[in-house]
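Chain A is already provided as a structure; the job is to place chain B on it using the hints.
Keeping their order, the protein sequence lines are chains A and B. Residue 62 in UniProt numbering is what sits at position 62 of the first sequence, and the numbering runs on without skipping anything. Residue 30 in UniProt numbering is what sits at position 30 of the second sequence, and the numbering runs on without skipping anything.
These are computed hints drawn from the structure, not numbers from a lab. Treat each hint with caution, since some may be false.
Where chain A lies over chain B, by a calculated footprint (3+ residues, C-beta under 8 Å) [claimed, not checked]:
hint	stretch
1	1-11
2	26-40
3	60-74
Example chain B residues on the side facing chain A (calculated, C-beta under 8 Å, incomplete) [to be verified]:
hint	residue
4	L15
5	F43
6	E44
7	I45
8	T46
9	V54
10	D56
11	E79
Heads up, the beta-carbon is just placed ideally off N, CA and C, and yes, glycines get one too.
2 protein chains.
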Amino acid sequence: MPILVVDVMPKAELLDPQGKAVHGALSRLGHAAVSGVRVGKRFEITIDEVTPEVIDDVTTVAGEILSNSVIEDVVSVREADAR
Amino acid sequence: MPILVVDVMPKAELLDPQGKAVHGALSRLGHAAVSGVRVGKRFEITIDEVTPEVIDDVTTVAGEILSNSVIEDVVSVREADAR
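This is chain A alone, in the form it adopts within the complex (with noise of 0.2 Å):
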């Protein structure tokens, strides 16, 4: 079945503490070409078929259930390759 990917990240001018610890703890453990971690969520929702509608469906599930406007933002809601 077909499969929709909506990426969430934390909005860029906010701080990610979660993405900050985990920068420090690469940094410690010496990748230095490492110059700044963000930390989001990724949903892989299957779905009956791909219309339209559904797609629509699914972009205001991200924006209003998925994801917390006030600290991040829907980064895409695209069709997972096929694997």
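Same frame as chain A, now just chain B:
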């Protein structure tokens, strides 16, 4: 600066209680087209420059530090689209 995106998802054969909870909520709210939800993580790793060594390094980090290989799979490590 370039960004590498690392996607981590719970392994397909394992239960994903968080995804189940989201799916249940969506069903109760009447989103009948959704037949399953899985919730994973998305890391945006800012790096100084894209070289094969850095990509190798981040791929190793993704498998050993960013994901718990007992319960999660690294779905992809890729360069983010310019934005």
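Comparing the hints with the structure gives:
1. 1-11: holds (count 4)
2. 26-40: Our answer is that it holds, as 11 residues pass the Cβ test (under 8 Å) against chain A, meeting three.
3. 60-74: Contact hint for the stretch 60-74 of chain B vs chain A: holds, 3 residues under 8 Å.
4. L15: violated, 14 Å
5. F43: holds, 6 Å
6. E44: holds, 5 Å
7. I45: Because about 5 Å separates I45 of chain B from the closest Cβ in chain A, which is inside the 8 Å limit, the hint holds.
8. T46: Holds: closest Cβ of chain A sits about 4 Å from T46 of chain B, inside 8 Å.
9. V54: Check passed: Cβ of V54 of chain B comes within 5 Å of chain A, closer than 8 Å.
10. D56: Violated. Min distance 10 Å.
11. E79: violated, 14 Å
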